[in-house]
Structures are given as structure tokens and as C-alpha cells.
Amino acid sequence: ICKDEFALIAFTSLLIASKKESTIPFSIKDMASVTNKSISSSEKITKSTIKQKEIEIMLAVNFDFVKFSLYDFIQIFLYDLKFNLVPEIKKTDIEVYLNKMSEYSLEIVKKLLLDVSFYKYNSLLTGVACIIIAFDMIKNNPIPENIDMFFSKWIYGLLERYPKKEVKEIYDDIVTRLNFIPSKESK
8 ICKDEFALIA
18 FTSLLIASKK
28 ESTIPFSIKD
38 MASVTNKSIS
48 SSEKITKSTI
58 KQKEIEIMLA
68 VNFDFVKFSL
78 YDFIQIFLYD
88 LKFNLVPEIK
98 KTDIEVYLNK
108 MSEYSLEIVK
118 KLLLDVSFYK
128 YNSLLTGVAC
138 IIIAFDMIKN
148 NPIPENIDMF
158 FSKWIYGLLE
168 RYPKKEVKEI
178 YDDIVTRLNF
188 IPSKESK
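Sequence positions in the sequence shown follow the working numbering and run 8 to 194.
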């Protein structure tokens with residue numbers, strides 16, 4: 008791929024990303040101007056050239072731009088826990104353990120992102136496995152029975168929604184690679 012084509016793909020990709028992520032996306036005119044400043048070709052990039060490249064890129068990825076990262080899934084799961092179970096949370100002193108669960112889950116995610124072999128797994132299921140491992144990390148220290156029951160019930164609810172066999176496979180792979188020893192009560 009030549010430098011000019013690379014620049015066209017790069018700036019068109021930025022345009023697409025800005026349409027998905029920004030409240031005020033880049034204009035095609037601005038992207039054409041920036042692209043023209045970056046290329047050596049005497050043939051200038053037009054708005055229609057960028058529109059055509061945008062279509063090519065979108066077709067190449069089957070218009071599949073809705074991707075969530077592992078971090079996003081963990082945040083969604085913890086949001087679900089924190090805000091959908093508010094009455095139960097108020098009955099317990101759980102905030103400290105929620106913070107630990109978040110901290111441990113994200114620590115695991117950081118380690119996983121360094122290992123390309125984990126990219127083969129579904130991010131959603133990997134997120135579930137990370138949360139279960141984080142809970143196991145919490146349980147390696149004594150915790151009040153009501154907190155244990157609260158998290159156990161929530162995790163059981165998560166496992167009811169997702170394929171247990173696949174989550175277990177991912178869980179086992181993460182535990183093995185991170186040399187983590189699950190708590191005695193883990194299943």
C-alpha cells in the first residue's frame with residue numbers, strides 16, 4: 008500500500024470514528040483538506056473520493072462498528088450491579104467490596120490486553136470471567152457472609168444469562184495464565 012493510499016485510509020477512518028464517537032464529527036471537506044496536505048500526489052483528494060473510501064471501509068467491516076471493549080463490559084456489569092440492585096446494596100456495607108471488584112477486574116483486564124491469545128474470546132464472556140475471578144480474589148480474604156451471599160447471588164444471575172461452559176473455559180485460561188489460585192469456594 009502506498010503512502011498516499013495509506014493517508015486516505017487513515018483520514019477516512021478518522022472521519023468514520025468521529026461520526027461514531029464525537030458529538031460534532033469532522034467534516035468531509037476538512038478531511039479532504041488534511042489528506043491533501045499529507046499526500047505527495049498531484050492528484051487531489053475530493054469529497055467524493057473520501058465518500059467512496061468510507062463506503063469501501065464500511066463494506067470491508069460489514070458495517071460492524073458497534074464494538075465494546077473488555078473494559079466497557081466490566082463497567083456495564085458493575086453498573087448493573089450497583090444501580091439495578093440499589094435496595095439490596097443499601098442493606099449491606101458493600102461499597103468497599105464493589106470498589107475492590109472494580110479494581111481487581113480492571114487489573115485483570117490490563118494483564119489480558121497484553122496477551123493477544125485472549126482476543127480469540129468473546130469480550131462479553133471474558134468480562135464475566137474477569138468479574139468472577141475478581142470475586143474469587145476478594146474471597147481469598149475473609150468477607151462478611153452477607154457480602155459473600157450478595158455477590159454470589161449476582162454472579163449466579165450473570166451465569167444464568169451466558170453460556171457457562173464458555174465462561175468456565177475462559178476463566179480457566181485466565182487463571183492458568185495469570186497463575187492465580189482461586190478461592191476454595193470457587194466453582
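I should point out that these hints are in silico values taken from the structure, not numbers from a laboratory. These numbers come from a predicted model, not from an experiment. Glycine included, C-beta positions come from ideal geometry on N, C-alpha and C. Certain hints may be false.
[Stated by the list, open to error] In silico DSSO-like cross-links for lysine-lysine, where the CA-CA straight-line distance does not exceed 30 Å: (1) 89 with 118; (2) 10 with 89; (3) 36 with 107; (4) 146 with 175; (5) 89 with 51; (6) 44 with 58; (7) 26 with 36; (8) 127 with 27; (9) 89 with 58; (10) 160 with 89; (11) 10 with 26; (12) 26 with 44; (13) 51 with 127; (14) 127 with 175; (15) 10 with 27; (16) 89 with 54; (17) 118 with 27; (18) 54 with 27; (19) 10 with 107.
[Said to hold, decoys possible] Beta-carbon label-pair distances, calculated as ranges: (20) 147 with 184: 50 to 56 Å; (21) 176 with 25: 33 to 39 Å; (22) 82 with 153: 53 to 59 Å; (23) 65 with 118: 29 to 35 Å; (24) 44 with 120: 32 to 38 Å; (25) 124 with 153: 37 to 43 Å; (26) 183 with 56: 31 to 37 Å; (27) 176 with 70: 52 to 58 Å; (28) 172 with 147: 21 to 27 Å.
Inset, instruction - If any of the earlier hints don't hold here, list their numbers in rising order. - result: Those not satisfied are hints 2, 3, 5, 9, 13, 16, 19, 20, 22, 26, 27.
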